[in-house]
Structure formats: structure tokens, C-alpha cells
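A.B. asks: As a plain string of letters, each chain reads:
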Amino acid sequence: MEDVTLHIKDRQGTIHKVEAPTDMAMNLMEVCKAYGLPVEGACGGMAMCASCQCYVLSDTDLPDINDDEEAMLSEAFYVKENSRLGCQIPITEDLNGLTVELAPEY
Amino acid sequence: MIKTDILIIGAGPTGLFTVFEAGLLKLKCHLIDALPQPGGQCSELYPKKPIYDIPGFPEILAGDLTKNLLEQGKQFEPGFTLGERAETIEKQEDGSFIVTTNEGTQHQAPIVAIAGGLGSFEPRKPLIDDVSKFEDKGVEYFIKDPEKYRNKKVVIAGGGDSALDWSIFLANVASEVTLVHRRNEFRGALDSLEKVRELTQAGKINLITPAEVTNIFGTNKVEAISLTKEDEKLVIETDHFIPLFGLSPKLGPIGDWGLEIEKNAIKVDNTLGYQTNIPGIFAIGDVNTYLGKLKLILCGFHEATLMCQSAYKIINPGKKYVLKYTTVSGINGFDGTRKEAPKAVVQAIN
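Order-wise, the sequence lines are chains H and L. Residues 1 to 106, numbered by the numbering used here, are exactly what the first sequence covers, in order. Residues 107 to 456, numbered by the numbering used here, are exactly what the second sequence covers, in order.
These are computed hints drawn from the structure, not numbers from a lab. Keep in mind that the hints are not guaranteed to be accurate.
As the list claims (entries may be wrong) - With a Cα cut of at most 27 angstroms, we get these calculated DSS-like pairs of lysine-lysine:
{"id": "1", "chain 1": "L", "residue 1": "K243", "chain 2": "L", "residue 2": "K254"}
{"id": "2", "chain 1": "L", "residue 1": "K369", "chain 2": "H", "residue 2": "K9"}
{"id": "3", "chain 1": "L", "residue 1": "K155", "chain 2": "H", "residue 2": "K33"}
{"id": "4", "chain 1": "L", "residue 1": "K425", "chain 2": "L", "residue 2": "K399"}
{"id": "5", "chain 1": "L", "residue 1": "K254", "chain 2": "L", "residue 2": "K173"}
{"id": "6", "chain 1": "L", "residue 1": "K369", "chain 2": "H", "residue 2": "K33"}
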């Protein structure tokens with residue numbers, strides 16, 4: 001299995017190019033944490049805190065928003081049309097080239 | 107003043123299991139938690155979610171784990187200060203600590219074990235200028251006493267269960283209830299949604315979606331709010347504005363106790379029973395960090411067990427301790443109960 005390359009824009013505007021494995025059952029929030037990016041992931045990936053909210057900047061094909069993510073995004077702050085929760089995006093080969101921006105901390 | 111041997115801050119799974127392990131060492135525990143019920147994240151965030159990595163339980167609901175832990179510790183008669191947040195800590199001359207909550211309740215113990223998980227759960231505040239200026243002057247994040255709203259005008263914001271449930275309840279208490287949500291869709295129990303629909307049709311709830319409260323007006327207290335509905339701006343006169351956007355955990359005042367903090371977690375020495383940089387204060391479970399730390403409930407249980415051994419040595423200096431197995435020695439509860447393995451019967455059959 002090949003790693004995928006992701007581009008993550010931090011809150012200062014710096015873009016970090018990171019390689020993420022597709023065979024480790026990781027999600028985007030976990031990848032950010034693994035690379036030391038300032039993503040808290042307080043709830044551990046249960047779509048319950050929105051601390052991994054990000055804005056999707058590329059036109060990458062992403063899995064649909066499930067009910068849990070939808071519920072959290074409807075309560076979270078700084079939500080935009082292209083908001084997603086990183087913890088609900090599993091790292092798959094389809095993600096290669098994905099560019100996201102971290103939403104402001106709350 | 108509440109006095110105990112180990113004062114536990116945080117009544118999540120790690121804090122609750124500490125009661126049991128301390129009890130085996132004849133140490134008494136008292137727990138403080140900002141939430142009104144014990145269980146921490148397990149009961150607040152995901153009571154109905156299954157956990158698969160609790161040893162001996164192929165699958166257990168987080169709510170049931172809480173219930174079992176309470177049952178397991180019951181005979182050691184833990185005390186609870188619930189719905190209050192540990193605010194300050196003061197070291198006494200005798201080496202003990204006094205911890206005071208935001209409500210002023212004081213607790214004294216020679217050992218403090220911080221089992222605070224992600225921190226205390228605080229309401230998510232809306233991003234409105236001056237919102238803090240109106241707190242307790244018409245802006246409330248919790249509804250403690252519904253009678254306060256009798257014959258008053260109330261605006262509730264939020265799209266989850268608590269916004270729905272309180273709108274329904276206050277529809278018959280307040281003189282006017284307005285429910286504002288950013289989306290047209292609400293996330294809640296089906297019957298609550300149905301009830302809100304009925305009350306809206308009956309004119310008992312003024313439902314405004316998709317809309318967001320943007321400003322609060324008033325001289326000494328809330329007098330009105332303004333909201334944006336699509337491109338329209340509306341001003342609604344109201345006595346209370348109640349944003350119900352759920353809770354989010356914050357390390358909070360513990361962060362100012364002089365403890366060494368690293369990435370929002372308390373640094374501990376894992377060779378000394380998870381003691382912090384202040385002797386007598388320990389940190390266990392998700393709230394601590396050390397080389398190789400894993401934030402797992404099962405690791406919290408292990409940390410609680412080792413912490414109790416260190417606490418025992420501090421409370422009983424010089425006293426020898428021999429590890430006992432519960433299967434061999436049973437359990438003597440502080441409530442006078444005794445549990446032990448049934449003795450085999452030795453008897454001739456003929």
C-alpha cells in the first residue's frame with residue numbers, strides 16, 4: 001500500500017506537506033496529531049468536540065457526512081460550507097492530494 | 107470542611123476505580139466533579155456507546171461501565187461533591203491540601219489525585235461580543251431553576267436535545283419562548299421534535315431557523331437580542347438568552363495550580379506512582395502525560411492502582427505493606443460488609 005500526500009494549512013497559514021499511511025486505519029485528525037500539528041482531538045475521534053474541524057480546499061472525493069458529524073457541525077462554531085471533522089475522514093488512497101485548512105481554535 | 111485520605115478530582119472511570127483500590131488499602135476517598143453525575147466522559151459524552159477494550163468485558167456500554175465502577179466501590183463509601191468545579195488548592199503546614207470549589211465547598215486531604223480527564227466540562231459560549239458581560243444578567247448556559255423563567259420572555263439557541271427539551275418545558279412556564287437554530291434541521295429525540303412542531307403550530311414556541319443570534323442589547327441586563335435570518339436582521343425583546351451549544355472540556359483552574367503542564371496535560375513521574383512536580387499531588391488517567399503515555403481507560407485503572415500504593419506510603423510512613431489478593435483475603439467494606447470466596451467444604455461422604 002502506498003502512502004498518500006496531504007497538504008494541511010495551519011492557523012498561521014503555513015502549509016505542511018505530510019505523508020500518511022493508508023493501511024493503519026488512521027483518520028485525518030490522527031494524522032495531524034501524529035505530525036504535531038495543533039489539533040486537539042479532545043473527544044478521541046467520536047465527532048463530539050469539533051476540535052479537529054477543517055475546511056476542505058481541494059476538490060478531493062470525500063466520504064459523505066454521517067449523522068454524528070452532521071450533528072456536531074450543526075453545533076460547532078466557525079462552520080463553513082466546506083467544513084469537515086478530520087476524525088471522520090479515514091485515510092484512503094482516494095485522499096492523495098487532499099488540501100485542508102485547520103479551522104480556528106475554540 | 108470535608109476530610110478524607112485521597113481527594114480525587116474527577117469522577118470518571120479512573121477516579122471511580124481509585125475508590126476501590128484505595129479501599130483495599132483502607133484509605134477513604136472523596137470525589138469532586140464539575141458534572142452533576144459521576145462517570146465523566148463515559149456518562150456525559152457517550153453513555154450508549156460500546157467500549158471493546160476493557161479487560162474481561164468483550165463489550166460494555168460506557169454507561170454500564172460507570173454503573174459497575176460505582177457498584178464496585180460502593181462498600182468503601184466514597185463521598186461526592188458533584189456539579190462543582192475544583193477551583194483552588196492550598197498547601198497546609200501539616201502537608202495536607204485544602205481544595206475549594208467554585209461554590210466554596212472545602213475539602214482537606216493529605217493526598218490529591220487529579221483524575222480530571224480532558225478537564226472540566228464547560229458550556230460552549232456563542233461567539234457574540236459582550237456575551238460575558240451579560241452572564242448571570244440574563245445570559246445563562248444552564249437551566250438550574252426553571253421557575254426563574256416564569257412569565258418571562260426567553261430566547262433559546264441551539265439544535266440539540268437540550269435546546270429542544272428546554273423549549274418544550276419552558277413553553278408552559280415562560281410568557282414567550284423563541285427557539286433559534288442555525289439550521290432548519292434539529293438533532294434530537296423524535297418525540298421531542300414532534301412536540302416542538304406541535305407547540306410551534308399552537309403558537310407556544312416561536313421557531314426561527316435558519317438563524318443566528320448576533321448581538322445582545324441591554325444596559326444592566328439582557329433586554330433584547332438581534333438575530334440574522336438569512337439576509338434579514340431581526341430584533342427580539344427578551345429577558346433571558348439561553349445558548350445551549352453543548353459542553354466542551356477545558357483544563358480550567360487546575361492549569362493554574364503550579365503543576366508542570368505539557369500540551370494541556372499534567373506531567374507526572376511514572377516511577378513514583380504518577381506524582382506531579384508537587385509532592386502529594388498525583389495525576390492519573392487521561393489528564394497526565396509521561397513518556398509512553400496511552401490515553402486508555404485500562405491504563406487509567408493501572409495508574410490509579412499504583413498511585414494508591416504511593417499514597418499509602420505517604421500517609422503511613424514506615425509502615426510495611428504486603429500486596430494482598432482479593433481472591434485470598436476478600437474485601438472488608440467500610441460499611442461493615444465483607445466479601446470473600448466461599449470456603450470449600452471438607453467432609454466425608456460416607
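A.B. asks: Work down the list of hints and note, for each, if the structure agrees.
C.D. replies: Outcome of the hint check:
At most 27 angstroms may separate the alpha-carbon atoms for a hinted pair to count; K243 (chain L) and K254 (chain L) meet this at roughly 12 angstroms. Taking the CA atoms of K369 (chain L) and K9 (chain H), the gap is near 20 angstroms; set against the 27 angstroms cutoff, the hint holds. Between the alpha carbons of K155 (chain L) and K33 (chain H) the distance comes to roughly 24 angstroms, so the proposed pair stays at or under 27 angstroms and holds. Taking the CA atoms of K425 (chain L) and K399 (chain L), the gap is near 31 angstroms; set against the 27 angstroms cutoff, the hint is violated.
For the hint pairing K254 (chain L) with K173 (chain L), the CA-to-CA distance comes to about 33 angstroms; that exceeds 27 angstroms, so the pair is violated. Our distance criterion of 27 angstroms between C-alpha atoms is met by K369 (chain L) and K33 (chain H), whose separation comes to about 11 angstroms.
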